[in-house]
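Model the placement of chain F on the given structure of chain U, informed by the hints.
There are 2 protein chains.
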Amino acid sequence: MAVEPSRTGQPTDQRTGYDVVVLGGGVIGWSCAWRAAQRGLSVAVCDPSPGTGASHVAAGMLAPVTELHPGEEDLLRLNLAAARGYEAFAAEVEAASGLGVGYRRCGTLALALDAGDRAVLAEAQDLQRSLGLDSHRLTARECRRLEPMLSTEVTGGLLVEGDHQVDNRRLLAALRAAAGRAGVDLLPERAAVRTADGRAVGVELAGGRRVDAGQVLLTAGAAAADVAGVPEAARPPVRPVKGQILRLRVPAPLRPVLSRTVRGVVRGAAVYLVPREDGELVVGATSEDRGFDETVTAGGVYELLRDAQALLPAVTELELVETAARCRPGSPDNAPLVGATVVPGLLLATGHHRNGMLLAGVTGEAVAALLGGDGLPEHFAPFTPGRFRTPEPAGAPR
Amino acid sequence: MAVEPSRTGQPTDQRTGYDVVVLGGGVIGWSCAWRAAQRGLSVAVCDPSPGTGASHVAAGMLAPVTELHPGEEDLLRLNLAAARGYEAFAAEVEAASGLGVGYRRCGTLALALDAGDRAVLAEAQDLQRSLGLDSHRLTARECRRLEPMLSTEVTGGLLVEGDHQVDNRRLLAALRAAAGRAGVDLLPERAAVRTADGRAVGVELAGGRRVDAGQVLLTAGAAAADVAGVPEAARPPVRPVKGQILRLRVPAPLRPVLSRTVRGVVRGAAVYLVPREDGELVVGATSEDRGFDETVTAGGVYELLRDAQALLPAVTELELVETAARCRPGSPDNAPLVGATVVPGLLLATGHHRNGMLLAGVTGEAVAALLGGDGLPEHFAPFTPGRFRTPEPAGAPR
Numbered sequence: 004m005a006v007e008p009s010r011t012g013q014p015t016d017q018r019t020g021y022d023v024v025v026l027g028g029g030v031i032g033w034s035c036a037w038r039a040a041q042r043g044l045s046v047a048v049c050d051p052s053p054g055t056g057a058s059h060v061a062a063g064m065l066a067p068v069t070e071l072h073p074g075e076e077d078l079l080r081l082n083l084a085a086a087r088g089y090e091a092f093a094a095e096v097e098a099a100s101g102l103g104v105g106y107r108r109c110g111t112l113a114l115a116l117d118a119g120d121r122a123v124l125a126e127a128q129d130l131q132r133s134l135g136l137d138s139h140r141l142t143a144r145e146c147r148r149l150e151p152m153l154s155t156e157v158t159g160g161l162l163v164e165g166d167h168q169v170d171n172r173r174l175l176a177a178l179r180a181a182a183g184r185a186g187v188d189l190l191p192e193r194a195a196v197r198t199a200d201g202r203a204v205g206v207e208l209a210g211g212r213r214v215d216a217g218q219v220l221l222t223a224g225a226a227a228a229d230v231a232g233v234p235e236a237a238r239p240p241v242r243p244v245k246g247q248i249l250r251l252r253v254p255a256p257l258r259p260v261l262s263r264t265v266r267g268v269v270r271g272a273a274v275y276l277v278p279r280e281d282g283e284l285v286v287g288a289t290s291e292d293r294g295f296d297e298t299v300t301a302g303g304v305y306e307l308l309r310d311a312q313a314l315l316p317a318v319t320e321l322e323l324v325e326t327a328a329r330c331r332p333g334s335p336d337n338a339p340l341v342g343a344t345v346v347p348g349l350l351l352a353t354g355h356h357r358n359g360m361l362l363a364g365v366t367g368e369a370v371a372a373l374l375g376g377d378g379l380p381e382h383f384a385p386f387t388p389g390r391f392r393t394p395e396p397a398g399a400p401r
Numbered sequence: 004m005a006v007e008p009s010r011t012g013q014p015t016d017q018r019t020g021y022d023v024v025v026l027g028g029g030v031i032g033w034s035c036a037w038r039a040a041q042r043g044l045s046v047a048v049c050d051p052s053p054g055t056g057a058s059h060v061a062a063g064m065l066a067p068v069t070e071l072h073p074g075e076e077d078l079l080r081l082n083l084a085a086a087r088g089y090e091a092f093a094a095e096v097e098a099a100s101g102l103g104v105g106y107r108r109c110g111t112l113a114l115a116l117d118a119g120d121r122a123v124l125a126e127a128q129d130l131q132r133s134l135g136l137d138s139h140r141l142t143a144r145e146c147r148r149l150e151p152m153l154s155t156e157v158t159g160g161l162l163v164e165g166d167h168q169v170d171n172r173r174l175l176a177a178l179r180a181a182a183g184r185a186g187v188d189l190l191p192e193r194a195a196v197r198t199a200d201g202r203a204v205g206v207e208l209a210g211g212r213r214v215d216a217g218q219v220l221l222t223a224g225a226a227a228a229d230v231a232g233v234p235e236a237a238r239p240p241v242r243p244v245k246g247q248i249l250r251l252r253v254p255a256p257l258r259p260v261l262s263r264t265v266r267g268v269v270r271g272a273a274v275y276l277v278p279r280e281d282g283e284l285v286v287g288a289t290s291e292d293r294g295f296d297e298t299v300t301a302g303g304v305y306e307l308l309r310d311a312q313a314l315l316p317a318v319t320e321l322e323l324v325e326t327a328a329r330c331r332p333g334s335p336d337n338a339p340l341v342g343a344t345v346v347p348g349l350l351l352a353t354g355h356h357r358n359g360m361l362l363a364g365v366t367g368e369a370v371a372a373l374l375g376g377d378g379l380p381e382h383f384a385p386f387t388p389g390r391f392r393t394p395e396p397a398g399a400p401r
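Residue numbers (this note's numbering), protein chains in the order written: chain U, 4 to 401; chain F, 4 to 401.
No lab work stands behind these hints, which were simulated from the structure alone.
Glycine residues also receive a C-beta, built at the ideal position from the N, C-alpha and C atoms.
Check the hints yourself; a few may be wrong.
[Unchecked claim] One-sided and incomplete, this derived list gives chain F residues near chain U with beta-carbon spacing under 10 Å: (1) L251; (2) R252; (3) V286; (4) V299; (5) T300; (6) V304; (7) Y305; (8) V324.
[Unchecked claim] Chain F residues, not near chain U, derived (Cβ > 10 Å throughout): (9) G20; (10) R184; (11) T198; (12) A273; (13) G302.
[To be verified] Which stretches of chain U does chain F cover? Using the computed rule of at least three CB atoms under 8 Å from a CB of chain F, they are: (14) 205 to 213; (15) 290 to 300; (16) 304 to 310.
Just chain U, same shape as in the assembly (with noise of 0.2 Å):
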């Protein structure tokens, strides 16, 4: 994309300061840029290589009922508003950006192949029925009517109809023009925050040039955590969770080897495989703990093939057109970090972990309103950097 001229109409490497820098252009720093610059703010995005990120290799499944863990009813209430609310997003970046973003609502499919997997399935449907939650149960005979294609060895199934998927790449493509035709301007060098008197006051580019800042928002995703200049004291506890992931494509006398997102747990490793309209199948993911490591392992592609071909036998017969490895950004819940940190001037939208495409629109919209001077939405406290800050000691120990 072409980066377009700002609204004051002065050149971009002319302006000295922007309303808003936002450091990481991935789909939730340019959510957050294009809804601030709907606002009226100046906003510019940093980024050396922006779209190139955990967001490029996502999935883009959109599944807060399937992709629900106990414990985290927290992050279901906000990711169940995400879900609601996608379809209007999804429209209204397609009007912005004039580019469509594959918003698909074709449901998800959870799969069993042995007893353990029903039992695990049976314990899903039980946590989202106590929630209140809409899933049905499926023999092995009606997870093939369905998908005709499945392997024989499934068992049973979990039809979750309101869990759906985007297409990530044409989602950041789209956000990004949007972003661009609202104003915003693209820096495209790395860079580190500016602080003056214990604010933030803006950034300082890898080449030198400072730009100053009256608000700075942090979204570099697992990176976040890493971003020079930052306080020690406004630092995201963000750790990098490596997933590793293939893009399919199906030969045309195959297609559609699959209706909807299926999904399954072979040997205990989760996979899913989700079926875009174009013929691509994307596979994921691996969910390893290992650092900031974005190398492509013979291991991790072997396992996500073994599996998606456990549960879809034709797999096998489709041409493996990519592999790709991006750190997703993890936090110690699994939640997002957004809103204020300790430092004025300086915010954080980061630690989406799996789920930043879906939470891409709300978030956007909370930032922005942070940034606008609404403050942050009721939903969005939960979520806020300060639930990790250690609490000042009350007093000299016993």
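What follows is chain F alone, placed relative to chain U:
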């Protein structure tokens, strides 16, 4: 490589003819072109994308003994002669090009996992011994003493000290450079053979330009059967044999993960692991009769990774750098087709199947002798295209 001017000093695009025009810029084509130029012939190689076919994705095994198949004794003699001369060939290519070819006298270890595999190795050794070839049976312990990272499932092996390797990509680049230095022109276009009065007289390039040739040599590998303008009676009976192959990278702490080529038969499928000195590990290869199909499939990659891991569990830790598929030129008896055709002025050098790297040197010399008027060397007599010619009917059917 920049195309050097031909020795006549005439710019390439001005020349109307050559003594020899070679169709196909793989190792066979460049080797033949180089050797022909050394004999004083003017030579051009036509290829729209030279060096991107089967030669590019080969593993570079030089393995007459471990690649021996029953019934292929004629081919064995040729392969053994090529292997004996390889060190001198490699040295000559390196001197002529100024480039290394990665010839590595590392030997090959063929492994057995189960009793069936051990029986196969015993039969292979019997066949080898009956032909006077050298190999040594090793216990599992002896195998792991040579290669400490082998699977504990390995139960024995066969060490062939004389089966080495070359770096196929470096050989390809060096042959091309040597040919360029010797005055060979590259015409980077698809070409059709032109005939007049029943003899080959040159080629017509895709752009329409006609280039005359005293002799035309087809070295287009699996595509040799599909070159336009070749009279039916001279069309080589080669078929595409698809091979998928992986390139892995060994991280520094695991090097060397192997010291020699390792191969085995896992669940009936042959797999080999060829370690380069620079930390690359080539894993090959599938063998698929599917017509001209060069797509990398999920199934092909899966099987190679599965079988490679069965021999060397550390494979899971290696970086997957490249996946590729190309078609080998298979002939009805798996041996090459080298020599004159029924069409005067039209020669063949194709059908090298699994042995293109091994036979590149001897094929280049033999073809150059034929092109230069000395006739095809005696050891190539069993491999002339004439062996597949349908005999003329001797009389009317009774």
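Now for the hints, and whether the structure bears them out:
Using the Cβ-Cβ criterion of 10 Å, the hint placing L251 (chain F) at the interface with chain U is satisfied: the shortest such distance is roughly 6 Å. Contact between R252 (chain F) and chain U, as hinted, is supported at the beta carbon level, the nearest pair being about 8 Å apart and thus within 10 Å. The interface hint given for V286 (chain F) is met, as the beta carbon of that residue sits about 8 Å from the closest beta carbon of chain U, less than 10 Å. Look at V299 (chain F): its Cβ gets to within about 5 Å of chain U, closer than 10 Å, so that hint holds up.
The restraint placing T300 (chain F) at the interface with chain U holds, with a minimum CB-CB distance near 6 Å, inside the 10 Å limit. Given the 10 Å rule on beta carbons, the hint for V304 (chain F) holds: about 5 Å separates it from the nearest Cβ of chain U. Hint on Y305 (chain F) holds. Least Cβ distance to chain U is approximately 4 Å, under the 10 Å limit. Satisfaction of the interface hint for V324 (chain F) is found here, the shortest Cβ-Cβ separation to chain U being roughly 8 Å, below the 10 Å cut-off.
The Cβ of G20 (chain F) lies farther than 10 Å from every Cβ of chain U, with a closest approach of about 43 Å, so its non-interface assignment holds. Here R184 (chain F) stays apart from chain U, with its beta-carbon at least about 38 Å from theirs, past the 10 Å limit. Non-interface call for T198 (chain F) relative to chain U: holds, since the shortest CB-CB distance, roughly 38 Å, exceeds 10 Å. Distance check for A273 (chain F) against chain U: the nearest CB is about 18 Å away, which clears 10 Å, and the non-interface claim stands.
With a closest Cβ-Cβ approach of about 3 Å to chain U, G302 (chain F) is found to fall inside the 10 Å limit, against its non-interface label. Look at the stretch 205 to 213 of chain U against chain F: 0 of its residues bring a Cβ nearer than 8 Å to a Cβ of that chain, fewer than three, so the hint is violated. Using a Cβ-Cβ cut-off of 8 Å, 3 residues of the stretch 290 to 300 of chain U lie near chain F, which meets the minimum of three, so the contact claim holds. Proximity of the stretch 304 to 310 of chain U to chain F, defined as three or more residues with a beta carbon under 8 Å from a beta carbon of that chain, is established by the 4 residues found.
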